[in-house]
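Chains as they are written, first to last, in the numbering used here: chain A, 1 to 166; chain B, 1 to 263.
To be clear, the hints were calculated from the coordinates, so they are not data collected in a lab. Wrong hints could be hidden among the right ones.
In silico negatives: residues of chain A with every beta carbon more than 10 Å from chain B [stated by the list, open to error]:
1. Arg27
2. Leu47
3. Ala85
Here are the simulated DSS-like pairs of lysine-lysine, each with C-alpha atoms no more than 25 Å apart in a straight line [what the hints assert, rightly or not]:
4. A:Lys138 / A:Lys106
5. B:Lys144 / A:Lys29
6. B:Lys69 / B:Lys184
7. B:Lys69 / B:Lys144
8. B:Lys69 / A:Lys29
Where is the CB? At the ideal position from N, CA and C, for every residue including glycine.
Residues per chain are reported as follows:
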Amino acid sequence: MLDQGKISELLASRAVGSNSHSKSNSRLKRIRLWLPIIVLGASLAFLIYQGLGNSLVYFHTVDEALALRPSLGTTTFRLEGVVVAGSVHSNTFGGVDFYVSGTDGKRIFVQDSANPPELFQPNLPVVLVGYFSGLTFKSDQIMVKHSANYIAAYPNRVSSLHGKKL
Amino acid sequence: MRMPVVRTIIGVLSLVSVIVTVILGLFITPPDVVQGNLARLLYVHPPVAWVAYLAYGVTSLASGLYLWKPTRSMRWDQIAASSAEVGVVFTALTLVTGSIWGRPAWGVWWTWDARLTTTAILLVLYLGYLALRRVQVSREKRAKRSAIAALIAFIDVPIVHESVNWWRTLHQGATVASIGTNSKIHGIMAWTLLLGFIAFTLVYVWMVILRYEVTVTEDAIEALNISAWTLERENEIGSLSDEIAGLLSDNKDRTGTSSSKVR
């Protein structure tokens with residue numbers, strides 16, 4: 001009788017050991033499964049909310065901004081336009097004043113208070129972050145929107161497109 | 001030809017083509033009329049982005065072939081996993097090189113425009129795919145789940161590519177798609193860009209072959225570990241049975257002795 005008890009004791013101790021081991025194992029497995037899912041799900045939700053919410057209408061053109069000016073009020077938004085040649089001057093805020101033009105020649109006066117980026121120059125499209133103050137667009141960030149054209153800076157080396165040399 | 005030989009040949013070719021691209025890109029090609037020397041990132045950034053698309057394309061194709069019963073084989077799952085892993089590296093490189101280009105060109109490291117956002121989403125989606133592959137389930141279950149996830153994640157690839165056409169972005173329009181129809185890149189710059197595409201594609205192929213070999217080895221080790229674990233458990237059960245049998249025979253002996261004493 002005593003020996004039967006010993007056997008069941010032995011079996012029970014083995015079972016308890018393996019049970020607690022498998023329990024902690026399955027908990028670890030669950031953590032391993034859910035932790036990356038939660039982290040990635042949260043990052044994805046943040047990206048979709050933050051990114052696509054903003055980026056679908058990433059900027060208003062000059063024409064749109066002028067048309068929407070009453071409703072935009074002093075709300076901060078992004079404005080896109082081409083820097084008008086000859087209109088760029090340094091201002092007292094440490095930035096530059098200039099005009100941006102739209103497709104049909106309409107213009108907006110921009111007063112910028114930040115340092116323009118390296119590529120900032122006349123005749124290039126820019127995206128400005130700022131708000132309307134009367135008829136002036138007060139900007140605190142200039143982003144240069146360069147084109148998909150890549151033209152050699154040494155025109156004598158390459159005479160035309162398709163790489164035909166002189 | 002054996003796989004290590006093919007891998008070595010592709011490795012050498014990719015190294016040579018990358019070196020030639022670097023020499024052409026840094027020393028031979030002229031600077032751009034607007035962007036100056038910043039335009040030299042053209043020879044790295046679009047090719048790296050293309051390789052990310054290619055990698056996810058291969059992952060989707062291999063996943064589809066795994067899911068389709070007539071072609072179902074663990075080999076497709078291993079190819080899909082290897083390609084996705086390399087794709088994630090190249091997507092991260094796309095974001096990093098784009099950011100390095102964006103700071104001096106645009107004036108910002110990052111902006112939430114459609115191209116950048118959808119690319120970031122693409123990276124997170126495939127990181128999720130890789131995380132899914134780490135879940136401890138049977139190989140078949142893992143392969144099936146991962147294949148479905150890969151096909152879902154691939155939906156973002158055409159969205160990333162078309163984002164500059166569908167939405168307003170700070171990111172420039174597609175340069176590469178327009179080369180054939182309306183040349184916008186000067187001669188040697190276009191040729192260097194083309195070489196960049198070839199070089200990084202070769203690097204991708206080399207990396208995938210290498211990763212595939214590692215995956216096959218990992219799977220073999222996993223199978224060996226399972227066999228070892230089974231063998232260990234069998235031995236444990238065997239020793240437990242012996243212990244029980246010993247205890248039972250002891251018990252039998254004792255009861256036999258006590259009954260003979262009674263007699």
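**Prompt:** Which earlier hints can't be squared with this structure?
**Reply:** 2, 6 and 8
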